[in-house]
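Undergrad: The lines below spell out each chain.
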Amino acid sequence: MAANAAAQTAAPAKPDPMQRRVAACASCHGVHGEGLPGDVKIPRLAGKPAGYLLQQLEAFQNGQRHHAPMEYVVRQLSPEYLRQIADWFAAQQAPYEKQPVPAQTAEAMQRGEQLVKHGDPSRGIPSCESCHGSTLTGVEPMMPGLAGLSYAYIDAQLDAWRTHQRSTDGPGCMVVVANRMTVGDVTAVAAWLASQPPPANLHPLPASAQKEPLPGWCVIGKSEVQR
Amino acid sequence: MRRWRHGIWTLVLLLALGLGWWLFVPGRLHEPTPAQREAESAQLHDPALVARGAYLATVGDCAACHTARGGRPYAGGRALPTPFGDVPAPNITPDAETGIGQWSFEDFWRALHEGLGRHGEPLYPVFSYTSFTKVNREDAQAIFAYLKSLPAVRQPDRAPELAFPYSVRQGLVAWRALYFKPGVFQPDASRSAEWNRGAYLVQGLGHCNECHTTRNALGAMDEKQRLAGGEIPAQGWYAPDLSTQPGGGLAGWSAQDIVDLLKTGQSARGTAFGPMADVVRNSTQHLDDADLRAVATYLQSLPPRTPAAPVEVARAADLEAGGKLYGERCADCHGQDGKGVAGVYPPLDGNSSVTEPTGTNAVRGVLLGGFAPATAGNPEPYSMPPFAQQLSDEDVAAVVNYIRQSWGNHAAPVLSADVSRLRHTPVD
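Residue numbers (my numbering), protein chains in the order written: chain Y, 1 to 227; chain R, 1001 to 1428.
In isolation and in its complexed conformation, chain R is listed as follows:
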């Protein structure tokens, strides 16, 4: 039975690939005339457009992927890990040979909106065009003007390092047919302008769904589970559910809590760490207050979630051991009552990173410790010691289970085997 199924899937894949070859005609679709190019180039130099583009590129956090560690901004080279292999982000500075120097706006629009490269080739969706397709043309133009204004950096792109069959780019034609529908964000007339702005930012340029939504085995997002939380593929973190309604990952968060976290890296409800600390430091802290409020308004409208099934209670002996460790190692900062110290140490009671379904974030938080991101609103953040060198897998599991099942928290226990695995998960 199993082998039979396997055969069917291989057949489906081969058919999809064949169909892909048939549908996919390489070549550039709209070659602009020299006159069009000149007109476009003049428009792109408008300083107001460039400035708006700089802001929007920050909202989209383009530099986070398109900059290698210690490298020149936007010159690419950072290898983005996916379950299918590493995909290095390309150089998007205006270098004529190795960057986007020869791209027209139409080329850029097709990449952002349709996920197609300059020669019509389908792009790997690690470039989040599944979200960026919602960005409107005016904003895309501003971002393009900004990228064109950057200093050109000569840095050739590296080829993706993907395993077969994902290395066959034409396979994406089938993936796109199943999981990608191009379309600019359509405002909902029944909602406020603020809500629509928030939805546009969250679903589009902010590409929050790309982490905060569960993905299937082929890396596609489940449309019905928007922002309901998910494991971040290949990074070993969990991006929590963003609903603030009953049963939601951010249940009870006020609009101000959301604004605080995005602007300063911490709120009365929790502190950004792991990949979200990068997002806050590089992107959201720079959003203007109106946009932050809009994001909060939209997130607050996400529906309530079905209450999770009752979880298994950790063994009493383990909870006792965890409680003892908590008293010795954690209570000094987070308090015996798990309430933390406002503005300094995050609460653990009701903290979405503590209670997210997998326990990944709590375990890694204990192992890695670290600082809240340094932001204009919190320039000298406090930090948590890493306990990886001090606590055994059993001890980490015990203390994590204690915080996941104390006060108002009722999350499933983790195993010491989970801790062992996460101890060896790379940090980047």
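Chain Y on its own, in the form it takes in the complex:
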């Protein structure tokens, strides 16, 4: 009966049913996943690779990622519906708005740029660009973009990887990378990344852009395998 009722009442003007369905996401991530203004610990979702978004939704269900409101919102959703939601946000095109970044010393910004573009071979830290794409907009199907994220979010995530509050299937690259970084490195990278005006197209690079193989200790999660 409820299903019949849904069919009868779904007709009135609803330009994008999915946009209405995911209203719960919009209050924190924006109507089109563009994020919220200000330096908040909430990521932009629009245009991120669908495989990555799906993996994160699953991680909030199975306890690999922690954030109580997210865990509550996704807990009763099916794998199929999570995939639809991930696909929808991946397809969104939303403009970027500049976020404020806490002031840093010139040395810190220089260190941030160094790590993002070249890494620190003496400590086994690969550059951000080597995996997240030369445009830092990510690479299909699993590698998230870093461009357009707030300082607070990048800083919090690197910290979560360092302290094992965030994990993924397999050993996961970021646990290793983040633990090779100092606290100062984390601040520097987050500040430099958040200060850059991102390219107009925030969508990820095609999978073919990943020329160099990921380091041997990087294992990508099971969502990618299923896809």
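Don't read these hints as lab results, they were simulated from the structure. Don't be surprised by glycine CBs; every beta carbon is placed ideally from N, CA and C. Any given hint might turn out to be false.
[Unchecked claim] Listed next, the stretches of chain Y that the computed footprint assigns to chain R, with coverage defined by at least 3 CB atoms under 8 Å from CB atoms of chain R:
#, region
1, 26–39
2, 66–73
3, 80–86
With the hints as your guide, set chain R onto chain Y.
TA: Chain R in isolation, oriented as in the chain Y frame:
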């Protein structure tokens, strides 16, 4: 006077503990012979029995407690919160060392029916044997056959983390003497077969009473208040009264409304959320139509409830502020008339989760938002935004009081202090 009473209770507790030690003789009561074990094992492999057991285990939602988040099904490890401390659910896969691999059916029956462990120890009633005791032997056998058919997972059980005196297991002997009477469900010959099936499912395997009944300070259910609603201990939710008669929490619900909610997660009267969304997604959506109808028939026979005393009316200024917020934040989906949109957004007028006595569900609904459960009947549910980050405690209280006292709703007002407390209540 107070101290005197306290002393009496301590004495009672000590006597009960002493009596418990005396009555409680550890050890296994019926050790099966090897021949019995072999015969039992052959019977347990019957595919039809295993399939029926899988269905019944879903009806009982066994996996919900016996599976850790992100863990292997039925391998245990989920810590069940109680007001007395956390009790991790055990591994019930057939692993010989850490699961139920060495259990005979009699061991399983004694756990389900009598609430006794394999070594005769009394089990904590967070394992709902107060309901499962009503399950008949044939069904228990099917469930046991199913559990024995699962892949064995090696995962040792964790010890309960209970505060004294609840950590003393022998104290349960006194609790059981007061609050637990083992007994399989006895059909009522004056009722239809459908009613009896529904009563058997609701009172037994479905263990609906365990949440939908008020508990006393020692965690025991009030037998006279069956399914009349209650706060879910240690979880911060209210499980509403299930009577569909006048004065009942589901007053006016048709059998079809009940079937719809259990099968799809939503009905013309309301949507399952919070812990009930888990129940629908993992258990009730998979029930066959005959069983859902039986449950509805039984629930519709619950008696009318005494009308609640007239409630205090929220201050006019607060209601006005709440009404303004409602118009801005809620009316787009739930309608100015509180009627919602059939099949999409639940009505708030006459919604048992809005009007339940404590206001807990309405406050948490506003704070947490969320999706209706994704089910086969409603695979792409709509959602409600969480307002925790956007509305102050005062604003949440105002809008909740507005919806609790508008249209046909006449429920007691909540305080901003309640909102503050619930804002910090963990979600799991």
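Undergrad: Confirm or reject each hint.
TA: Hint check results:
Only residues whose beta carbon comes within less than 8 Å of a beta carbon in chain R count, and the region 26–39 of chain Y has 3; three or more means the coverage holds. Beta-carbon proximity to chain R at under 8 Å applies to 5 residues in the region 66–73 of chain Y; the threshold of 3 is reached and the given coverage holds. Note: the region 80–86 of chain Y has 3 residues with beta-carbon separation from chain R under 8 Å; the three-residue rule is met and the coverage holds.
This entry satisfies every hint, going by the numbered hints stated previously.
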